[in-house]
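Using the sequences provided together with the hints, build the complete structure.
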Amino acid sequence: MKSVAVIVGSAFTEELHADLELSHQEIITPWGKQELYQITNLHRPAYLLFRHGIPHQILPNQINYRAQARALKEVNCGALMVTSSVGILDAKLPLYSPLLVTDLIMLENRLPDGSTCTMFVTPEAQQGHLVLNEGLFSKTLTQQVYNLAPDLISSMEKEVIFAYVGGPRGKTAAENRMWYQLGASVNSMTLAPEVVLANELEIPCVGLVVGHKYSLPGKETSEDHQGVKESLVNSRSSMEKIIIEFLKKASEVPFKNQIFRFADK
Numbered sequence: 001m002k003s004v005a006v007i008v009g010s011a012f013t014e015e016l017h018a019d020l021e022l023s024h025q026e027i028i029t030p031w032g033k034q035e036l037y038q039i040t041n042l043h044r045p046a047y048l049l050f051r052h053g054i055p056h057q058i059l060p061n062q063i064n065y066r067a068q069a070r071a072l073k074e075v076n077c078g079a080l081m082v083t084s085s086v087g088i089l090d091a092k093l094p095l096y097s098p099l100l101v102t103d104l105i106m107l108e109n110r111l112p113d114g115s116t117c118t119m120f121v122t123p124e125a126q127q128g129h130l131v132l133n134e135g136l137f138s139k140t141l142t143q144q145v146y147n148l149a150p151d152l153i154s155s156m157e158k159e160v161i162f163a164y165v166g167g168p169r170g171k172t173a174a175e176n177r178m179w180y181q182l183g184a185s186v187n188s189m190t191l192a193p194e195v196v197l198a199n200e201l202e203i204p205c206v207g208l209v210v211g212h213k214y215s216l217p218g219k220e221t222s223e224d225h226q227g228v229k230e231s232l233v234n235s236r237s238s239m240e241k242i243i244i245e246f247l248k249k250a251s252e253v254p255f256k257n258q259i260f261r262f263a264d265k
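For reference, each letter of the sequence shown is one residue, going 1 to 265 in full-length UniProt numbering.
No lab work stands behind these hints: they were computed from the structure. Everything numeric in this text was worked out from a predicted model, so none of it was measured. All C-beta atoms, glycine included, are put in the ideal place defined by N, C-alpha and C. You may find that some hints are simply not true.
Stated by the list, open to error - Lysine to aspartate or glutamate pairs mimicking DMTMM-like chemistry, simulated, CA-CA at most 25 Å apart: (1) K33 with D151; (2) K249 with E157; (3) K158 with E175; (4) K33 with E21; (5) K139 with D151; (6) K256 with D103; (7) K241 with D103; (8) K248 with D19; (9) K139 with E157; (10) K92 with E26; (11) K241 with E159; (12) K2 with E74; (13) K219 with D90; (14) K139 with D103; (15) K219 with E202; (16) K248 with E26; (17) K256 with E134; (18) K2 with E157; (19) K256 with E175; (20) K73 with D90; (21) K139 with E21; (22) K139 with E159; (23) K73 with E26.
Claimed, not checked - Pairwise CB distance ranges (calculated): (24) N147 with G114: 34 to 44 Å; (25) I105 with D264: 24 to 34 Å; (26) N147 with Q126: 12 to 22 Å; (27) A125 with P55: 16 to 26 Å; (28) Q126 with Y96: 39 to 49 Å.
What follows is the structure, given as structure tokens:
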């Protein structure tokens with residue numbers, strides 16, 4: 001049986017849920033060490049990855065995205081949920097209500113250090129081109145997550161386009177206007193590299209986000225320090241139940257994209 005995993009962000013700590021028993025693991029990868037937390041009291045293998053560490057100490061530009069992806073592959077992940085607290089650019093989308101991501105805008109396919117966002121850095125037998133037959137977000141897994149908690153997730157009828165904007169600084173009003181004009185519904189400093197790299201390792205992904213502020217031009221939410229902390233707490237409470245349901249009940253799905261390898265005969 002393949003495992004399931006969830007990547008959680010700034011809104012979460014190891015006290016995600018009192019009923020979950022977490023066991024800390026260190027996975028050694030060619031890209032360095034990565035911490036995972038296995039949930040030991042479920043009937044199936046399930047993992048949490050805290051992208052900012054415990055306690056929160058890793059900024060978005062400091063995340064070792066390749067080590068993350070490889071560690072999830074090492075634990076045989078067959079279904080990955082990537083979460084994020086986001087700024088909302090579409091006035092029709094509500095705050096603090098979980099949304100399923102349908103597509104991604106990542107203008108430059110690069111990691112924060114400037115290198116290409118790929119697992120295929122040096123020539124190797126398994127390298128290839130990621131061909132998006134289905135898109136970066138698995139439609140089958142996205143539907144599965146919606147079915148787990150239809151009363152908690154906003155309607156799937158509306159597209160939610162995620163724009164990746166590398167941190168650690170916030171976006172200017174002019175930048176938010178640009179993202180909105182490009183068709184983005186929400187934006188954040190993470191999620192995109194994780195989804196791209198997981199797909200290169202043939203791990204199906206679903207994106208679950210929640211708006212903790214409006215970044216909509218003319219409706220920007222105040223970003224004082226206390227306001228940011230409070231908004232993250234509010235976003236956590238609305239996502240926690242879905243994450244728990246996913247860890248308990250989600251199942252692996254077929255990978256419908258393709259790694260096109262010239263070496264394949």
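Outcome of the hint check:
{"no.": "1", "hint": "K33 with D151", "in the structure": "violated (38 Å)"}
{"no.": "2", "hint": "K249 with E157", "in the structure": "holds (24 Å)"}
{"no.": "3", "hint": "K158 with E175", "in the structure": "holds (23 Å)"}
{"no.": "4", "hint": "K33 with E21", "in the structure": "holds (22 Å)"}
{"no.": "5", "hint": "K139 with D151", "in the structure": "holds (19 Å)"}
{"no.": "6", "hint": "K256 with D103", "in the structure": "holds (15 Å)"}
{"no.": "7", "hint": "K241 with D103", "in the structure": "holds (23 Å)"}
{"no.": "8", "hint": "K248 with D19", "in the structure": "holds (11 Å)"}
{"no.": "9", "hint": "K139 with E157", "in the structure": "holds (13 Å)"}
{"no.": "10", "hint": "K92 with E26", "in the structure": "violated (42 Å)"}
{"no.": "11", "hint": "K241 with E159", "in the structure": "holds (23 Å)"}
{"no.": "12", "hint": "K2 with E74", "in the structure": "holds (11 Å)"}
{"no.": "13", "hint": "K219 with D90", "in the structure": "holds (10 Å)"}
{"no.": "14", "hint": "K139 with D103", "in the structure": "holds (11 Å)"}
{"no.": "15", "hint": "K219 with E202", "in the structure": "violated (39 Å)"}
{"no.": "16", "hint": "K248 with E26", "in the structure": "holds (22 Å)"}
{"no.": "17", "hint": "K256 with E134", "in the structure": "holds (6 Å)"}
{"no.": "18", "hint": "K2 with E157", "in the structure": "violated (30 Å)"}
{"no.": "19", "hint": "K256 with E175", "in the structure": "violated (34 Å)"}
{"no.": "20", "hint": "K73 with D90", "in the structure": "violated (35 Å)"}
{"no.": "21", "hint": "K139 with E21", "in the structure": "violated (30 Å)"}
{"no.": "22", "hint": "K139 with E159", "in the structure": "holds (12 Å)"}
{"no.": "23", "hint": "K73 with E26", "in the structure": "holds (14 Å)"}
{"no.": "24", "hint": "N147 with G114: 34 to 44 Å", "in the structure": "holds (40 Å)"}
{"no.": "25", "hint": "I105 with D264: 24 to 34 Å", "in the structure": "holds (30 Å)"}
{"no.": "26", "hint": "N147 with Q126: 12 to 22 Å", "in the structure": "violated (33 Å)"}
{"no.": "27", "hint": "A125 with P55: 16 to 26 Å", "in the structure": "violated (40 Å)"}
{"no.": "28", "hint": "Q126 with Y96: 39 to 49 Å", "in the structure": "holds (41 Å)"}
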